[in-house]
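Residue numbers (my numbering), protein chains in the order written: chain A, 3 to 103; chain B, 163 to 550; chain C, 733 to 958.
Watch out, some of these pointers could steer you wrong.
[To be verified] Mimicking DSSO-like on lysine-lysine, the simulated pairs with C-alpha atoms at most 27 Å apart in a straight line are:
| id | chain 1 | residue 1 | chain 2 | residue 2 |
| --- | --- | --- | --- | --- |
| 1 | C | Lys853 | A | Lys4 |
| 2 | A | Lys4 | B | Lys335 |
| 3 | B | Lys295 | B | Lys354 |
| 4 | C | Lys805 | C | Lys867 |
| 5 | A | Lys6 | B | Lys209 |
| 6 | A | Lys38 | B | Lys335 |
| 7 | C | Lys805 | C | Lys764 |
| 8 | B | Lys538 | C | Lys805 |
| 9 | C | Lys830 | B | Lys183 |
| 10 | B | Lys181 | A | Lys38 |
| 11 | C | Lys955 | C | Lys909 |
| 12 | B | Lys181 | C | Lys853 |
| 13 | B | Lys295 | B | Lys329 |
| 14 | A | Lys4 | C | Lys922 |
| 15 | A | Lys6 | C | Lys922 |
| 16 | A | Lys6 | C | Lys756 |
| 17 | C | Lys858 | C | Lys805 |
| 18 | B | Lys538 | C | Lys830 |
| 19 | B | Lys335 | B | Lys242 |
| 20 | B | Lys507 | B | Lys306 |
| 21 | B | Lys432 | C | Lys853 |
| 22 | B | Lys295 | A | Lys4 |
| 23 | A | Lys4 | B | Lys432 |
| 24 | C | Lys830 | C | Lys805 |
| 25 | B | Lys306 | B | Lys295 |
| 26 | B | Lys181 | C | Lys830 |
| 27 | C | Lys830 | A | Lys4 |
| 28 | A | Lys38 | B | Lys354 |
| 29 | C | Lys909 | A | Lys6 |
| 30 | A | Lys6 | B | Lys183 |
| 31 | C | Lys867 | B | Lys181 |
| 32 | C | Lys858 | C | Lys922 |
| 33 | A | Lys38 | B | Lys251 |
| 34 | A | Lys38 | B | Lys210 |
| 35 | B | Lys432 | B | Lys386 |
| 36 | C | Lys867 | A | Lys4 |
Hints were generated in silico from the structure; no laboratory data involved.
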Amino acid sequence: MKYKVFIGIFIVELLLLIGILLFSYISINTRIDEMKYLRQLCQGLTATDLAIWTEARYTRHPSQTDIFSAFQDCPSCLEHFPAGSVLSPPPHFRRPLEAVK
Amino acid sequence: MRRHLMILEFALSCLCRRKYKNLALLFAFSLLVFILSSILLLTYALKKEAIEILQGAPEITVQRTVAGRHELIPVEYINKIKTIPGVGKVEPRYWGYYYDPFIGANYTLLGANRDMLRKIEILEGKSFFSEQKGVCIVGKGVAKAYFAEVGDRITIIGADGISYTFKIAGIFKTASDILTNDLIILSNDDIKRLFQIPTGFATDIVVEVYNPEEIETVAEKIKKLFPSTRPITREEILRTYESLFDWRSGMILTMFIAAVVAFVILAWDKATGLSAEERREIGILKAIGWESSDIMELKFWEGFVLSSLSFFTGLIGGYMHVFFFGAPLLSTALKGWSVVFPTLKLTPYVSAYQILVLLFLTVVPYMASTIVPSWKAAMTEPDQVMRG
Amino acid sequence: MTVVLENVTKVYNPGQPNEVWAVKGISLRINKNEAVVLKGPSGSGKTSLLSLIGCMSRPTSGRILISGRDVAKLPERSLTEIRRRTFGFVFQQFNLLKGITVRENIMLPLYPTGLSLTEIKARAEKVMESMRLSKRADFNVEHLSGGEQQRVAIARALINDPEIILADEPTAHLDTKLSEEFLRIIEEIKRSGKTVIIATHDPLVYDSSVVDRVIELRDGMIKETQ
Numbered sequence: 003m004k005y006k007v008f009i010g011i012f013i014v015e016l017l018l019l020i021g022i023l024l025f026s027y028i029s030i031n032t033r034i035d036e037m038k039y040l041r042q043l044c045q046g047l048t049a050t051d052l053a054i055w056t057e058a059r060y061t062r063h064p065s066q067t068d069i070f071s072a073f074q075d076c077p078s079c080l081e082h083f084p085a086g087s088v089l090s091p092p093p094h095f096r097r098p099l100e101a102v103k
Numbered sequence: 163m164r165r166h167l168m169i170l171e172f173a174l175s176c177l178c179r180r181k182y183k184n185l186a187l188l189f190a191f192s193l194l195v196f197i198l199s200s201i202l203l204l205t206y207a208l209k210k211e212a213i214e215i216l217q218g219a220p221e222i223t224v225q226r227t228v229a230g231r232h233e234l235i236p237v238e239y240i241n242k243i244k245t246i247p248g249v250g251k252v253e254p255r256y257w258g259y260y261y262d263p264f265i266g267a268n269y270t271l272l273g274a275n276r277d278m279l280r281k282i283e284i285l286e287g288k289s290f291f292s293e294q295k296g297v298c299i300v301g302k303g304v305a306k307a308y309f310a311e312v313g314d315r316i317t318i319i320g321a322d323g324i325s326y327t328f329k330i331a332g333i334f335k336t337a338s339d340i341l342t343n344d345l346i347i348l349s350n351d352d353i354k355r356l357f358q359i360p361t362g363f364a365t366d367i368v369v370e371v372y373n374p375e376e377i378e379t380v381a382e383k384i385k386k387l388f389p390s391t392r393p394i395t396r397e398e399i400l401r402t403y404e405s406l407f408d409w410r411s412g413m414i415l416t417m418f419i420a421a422v423v424a425f426v427i428l429a430w431d432k433a434t435g436l437s438a439e440e441r442r443e444i445g446i447l448k449a450i451g452w453e454s455s456d457i458m459e460l461k462f463w464e465g466f467v468l469s470s471l472s473f474f475t476g477l478i479g480g481y482m483h484v485f486f487f488g489a490p491l492l493s494t495a496l497k498g499w500s501v502v503f504p505t506l507k508l509t510p511y512v513s514a515y516q517i518l519v520l521l522f523l524t525v526v527p528y529m530a531s532t533i534v535p536s537w538k539a540a541m542t543e544p545d546q547v548m549r550g
Numbered sequence: 733m734t735v736v737l738e739n740v741t742k743v744y745n746p747g748q749p750n751e752v753w754a755v756k757g758i759s760l761r762i763n764k765n766e767a768v769v770l771k772g773p774s775g776s777g778k779t780s781l782l783s784l785i786g787c788m789s790r791p792t793s794g795r796i797l798i799s800g801r802d803v804a805k806l807p808e809r810s811l812t813e814i815r816r817r818t819f820g821f822v823f824q825q826f827n828l829l830k831g832i833t834v835r836e837n838i839m840l841p842l843y844p845t846g847l848s849l850t851e852i853k854a855r856a857e858k859v860m861e862s863m864r865l866s867k868r869a870d871f872n873v874e875h876l877s878g879g880e881q882q883r884v885a886i887a888r889a890l891i892n893d894p895e896i897i898l899a900d901e902p903t904a905h906l907d908t909k910l911s912e913e914f915l916r917i918i919e920e921i922k923r924s925g926k927t928v929i930i931a932t933h934d935p936l937v938y939d940s941s942v943v944d945r946v947i948e949l950r951d952g953m954i955k956e957t958q
């Protein structure tokens with residue numbers, strides 16, 4: 003009766019998936035107020051960008067005009083927009099000379 | 163119905179014949195779905211989150227450029243912009259970046275906008291911000307970087323080389339990390355002094371437009387009035403974020419393209435080369451009274467069992483990875499190396515489109531590669547099996 | 733159930749350089765409950781004739797009547813149906829599926845019939861008992877001896893209770909003792925009222941007392957009938 007085992011596993015996984023989608027649905031609804039609050043906060047701060055890529059000033063506000071220059075904060079890293087390279091540069095490269103002293 | 167179950171039963175017996183090979187395949191298949199679904203779910207959730215939140219961004223941000231670079235904008239522009247019909251409040255913004263060499267982190271310093279900030283509750287513990295000199299509000303990330311609490315003081319070196327200290331009057335709620343994590347809010351006067359912004363100038367100007375339909379027209383009018391400015395509409399910001407996350411997910415997908423290609427090669431190999439053994443077995447089944455359609459159904463079940471289980475396992479795993487565990491395997495690729503990264507609490511947005519894309523990338527090629535070749539074999543005459 | 737062949741020919745790869753005339757205008761009649769041997773050297777058309785009778789291939793020309801029904805023109809679906817209901821095959825190489833158990837191999841023809849698993853298993857149990865395979869039921873077929881493998885093949889041919897058993901060189905891989913045992917089984921099958929058609933060039937088989945008639949083939953034609 004292998005097929006019963008398979009159908010059992012299949013149904014369990016399907017229920018899990020449905021459960022997850024239900025969880026999504028509920029979370030989206032419970033976060034409506036939170037999202038509204040964040041939107042208001044965004045309005046209050048006149049924020050134009052999210053604080054996700056904070057490693058360098060040219061990645062902080064992708065939507066804004068700026069004096070972008072990739073090597074300002076770290077002369078050794080090859081940069082790509084919008085965040086820094088996948089791996090962090092070695093720590094001694096991350097601080098300007100005066101900080102190392 | 164029972165007939166289909168019996169063929170399924172036999173398909174499972176067939177899969178059990180090569181237990182380890184099929185378990186390995188199940189694992190590889192699940193892993194592929196896991197990786198792809200993690201990428202798709204994470205970037206989609208971030209994109210949705212960004213677009214939801216940034217609906218609150220200013221309708222138009224006016225920045226002045228000189229030779230394509232950002233320059234301070236004269237505050238007197240405000241009066242002229244105010245005369246454009248449909249325009250509400252027009253206010254200057256004072257903001258900039260501060261790099262703390264000792265912590266190695268970048269902060270965003272923003273002058274508080276009195277009217278707007280008063281409207282909403284922003285602080286943990288303290289409910290409203292009142293503008294005072296020498297006082298600041300910081301994001302969670304900043305507070306953590308300085309190991310500071312409410313009442314502590316932080317020092318910022320100004321453009322004139324003098325150290326200024328500010329008392330932390332409040333820390334933003336964790337819930338607002340995605341907007342405020344690296345923020346230091348000061349009074350406008352403090353910002354101007356700190357950055358030595360000359361009188362009569364601001365960093366940029368934000369413009370309120372009552373009717374969303376008119377935003378574009380107002381932006382055009384501003385551009386006409388002041389040709390050296392760049393008005394950024396909310397629409398443009400949203401578009402930037404959309405393409406940005408698409409770009410980002412494309413970037414990570416590229417890293418895994420080799421895995422996808424390997425999978426396609428596997429599927430292709432299966433599709434083109436049916437082994438002599440498999441061909442013989444199909445012949446035997448036909449000879450003892452299986453119809454071509456029964457054999458195709460057998461192959462369908464074999465493919466279905468493997469790919470449906472892998473798909474579910476991978477998708478459920480990917481979902482948990484992203485929304486319950488915060489996507490630790492992808493975060494480096496997404497975060498970059500920022501020192502103050504917000505703790506992302508993402509809303510688990512899932513779309514049918516994503517699930518369809520996943521299906522088409524994984525299950526469909528696999529199913530096709532199991533069914534198509536056996537279809538070819540099942541069409542041959544069963545007496546092949548008797549000769550040689 | 734009688735089988736009648738009328739002027740049947742079979743050409744492989746017609747019109748191509750490797751064209752082969754395997755069967756050239758054979759007419760014959762096999763009656764119910766008869767044990768017939770198709771005898772002849774390899775390449776004489778025995779196997780082709782057997783697969784034509786068993787509805788595994790269609791004749792290039794001529795008619796094949798099974799219970800008076802011309803099967804040459806039937807669609808593939810009905811042909812499969814006839815194959816399943818009427819014939820049980822015992823192949824030269826046994827053609828068992830490796831890696832699955834004796835029981836599952838024997839159950840193989842019944843999977844797509846719509847019977848329940850319990851019923852299929854009960855039937856398999858019965859056939860296995862008659863073939864003295866019950867102890868081997870849960871062994872994988874590749875672990876069985878040649879004689880046992882053949883008994884599995886015969887059991888598989890019998891499970892759908894066919895009226896005609898077709899065997900292609902059944903003793904090719906068996907020693908004398910096992911071949912004799914095979915003939916005993918054939919005798920039992922015949923006694924139960926089934927028709928048996930065997931293609932072979934093994935004297936042990938065609939000289940056996942079980943066999944009612946020997947049809948000798950050469951170059952795709954009937955040479956002699958004894």
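Hint-by-hint comparison with the structure:
At most 27 Å may separate the alpha-carbon atoms for a hinted pair to count; Lys853 (chain C) and Lys4 (chain A) meet this at roughly 14 Å. Simply put, Lys4 (chain A) and Lys335 (chain B) have alpha-carbon atoms about 53 Å apart, too far for the 27 Å limit, and the pair is violated. With a C-alpha separation of about 12 Å, the suggested pair Lys295 (chain B) and Lys354 (chain B) falls inside the 27 Å cut-off, and the hint holds. This hinted pair does not check out: Lys805 (chain C) and Lys867 (chain C) have alpha carbons roughly 44 Å apart, beyond 27 Å.
Between Lys6 (chain A) and Lys209 (chain B) the CA atoms are separated by roughly 41 Å; this puts the pair beyond 27 Å, and the hint is violated. Of the pairs offered as hints, the one joining Lys38 (chain A) and Lys335 (chain B) holds, with about 15 Å between alpha carbons and a cut-off of 27 Å not exceeded. At roughly 23 Å between alpha-carbon atoms, Lys805 (chain C) and Lys764 (chain C) fall within 27 Å of each other, so this suggested pair holds. Among the hinted pairs, Lys538 (chain B) with Lys805 (chain C) is consistent with the structure: their alpha-carbon atoms are about 23 Å apart, no more than 27 Å.
With a CA separation close to 16 Å, the supplied pair Lys830 (chain C) and Lys183 (chain B) stays within the 27 Å bound. Distance restraint check for Lys181 (chain B) and Lys38 (chain A): the Cα-Cα separation of roughly 52 Å exceeds the 27 Å cut-off, and the hinted pair is therefore not satisfied. A threshold of 27 Å between alpha carbons decides the hint, and for Lys955 (chain C) with Lys909 (chain C) the separation of about 30 Å lies outside it, so the pair is violated. Taking the CA atoms of Lys181 (chain B) and Lys853 (chain C), the gap is near 23 Å; set against the 27 Å cutoff, the hint holds.
As the CA atoms of Lys295 (chain B) and Lys329 (chain B) are separated by approximately 10 Å, the hinted pair is consistent with the 27 Å bound. Using a Cα cut-off of 27 Å, the hinted pair Lys4 (chain A) and Lys922 (chain C) is violated, with the two alpha carbons roughly 37 Å apart. Distance restraint check for Lys6 (chain A) and Lys922 (chain C): the Cα-Cα separation of roughly 40 Å exceeds the 27 Å cut-off, and the hinted pair is therefore not satisfied. For the given pair, Lys6 (chain A) sits about 52 Å from Lys756 (chain C) by alpha-carbon distance, which is inconsistent with the 27 Å threshold.
At most 27 Å may separate the alpha-carbon atoms for a hinted pair to count; Lys858 (chain C) and Lys805 (chain C) exceed this at roughly 36 Å. Taken as a hint, the Lys538 (chain B) and Lys830 (chain C) pair is honoured in the structure, with Cα atoms around 22 Å apart against an allowance of 27 Å. Note on Lys335 (chain B) and Lys242 (chain B): the hinted pairing is violated, with a Cα-Cα distance of about 38 Å set against a maximum of 27 Å. Distance hint between Lys507 (chain B) and Lys306 (chain B) is fulfilled; the C-alpha atoms sit about 18 Å from each other, no more than 27 Å.
Between the alpha carbons of Lys432 (chain B) and Lys853 (chain C) the distance comes to roughly 33 Å, so the proposed pair goes past 27 Å and is violated. Under the criterion of a C-alpha separation no larger than 27 Å, the hint pairing Lys295 (chain B) with Lys4 (chain A) is inconsistent with the structure, at around 75 Å. Using a Cα cut-off of 27 Å, the hinted pair Lys4 (chain A) and Lys432 (chain B) holds, with the two alpha carbons roughly 25 Å apart. Restraint check: the Cα-Cα separation between Lys830 (chain C) and Lys805 (chain C) comes to about 35 Å, which exceeds 27 Å; the hinted pair is violated.
At most 27 Å may separate the alpha-carbon atoms for a hinted pair to count; Lys306 (chain B) and Lys295 (chain B) meet this at roughly 23 Å. Straight-line distance between C-alpha atoms of Lys181 (chain B) and Lys830 (chain C) comes to about 13 Å, which keeps the hinted pair within the 27 Å bound. For the hint pairing Lys830 (chain C) with Lys4 (chain A), the CA-to-CA distance comes to about 18 Å; that is within 27 Å, so the pair holds. Distance check on the hinted pair: Lys38 (chain A) and Lys354 (chain B) sit about 31 Å apart at the alpha-carbon level, beyond 27 Å; violated.
In summary, the hint linking Lys909 (chain C) to Lys6 (chain A) is not supported, as the alpha carbons are separated by about 44 Å, beyond the 27 Å threshold. Between the alpha carbons of Lys6 (chain A) and Lys183 (chain B) the distance comes to roughly 22 Å, so the proposed pair stays at or under 27 Å and holds. Among the hinted pairs, Lys867 (chain C) with Lys181 (chain B) is consistent with the structure: their alpha-carbon atoms are about 25 Å apart, no more than 27 Å. Among the hinted pairs, Lys858 (chain C) with Lys922 (chain C) is consistent with the structure: their alpha-carbon atoms are about 18 Å apart, no more than 27 Å.
With a C-alpha separation of about 21 Å, the suggested pairing of Lys38 (chain A) with Lys251 (chain B) holds against the 27 Å cut-off. Restraint check for Lys38 (chain A) and Lys210 (chain B): satisfied, since their Cα atoms lie roughly 14 Å apart, inside the 27 Å limit. For the suggested pair Lys432 (chain B) and Lys386 (chain B), the alpha carbons sit about 63 Å apart, so the restraint of at most 27 Å is broken. The straight-line distance between the Cα atoms of Lys867 (chain C) and Lys4 (chain A) is roughly 22 Å, inside the 27 Å bound, and the hint therefore holds.
When each numbered hint is compared with the structure, violations occur for hints 2, 4, 5, 10, 11, 14, 15, 16, 17, 19, 21, 22, 24, 28, 29, 35.
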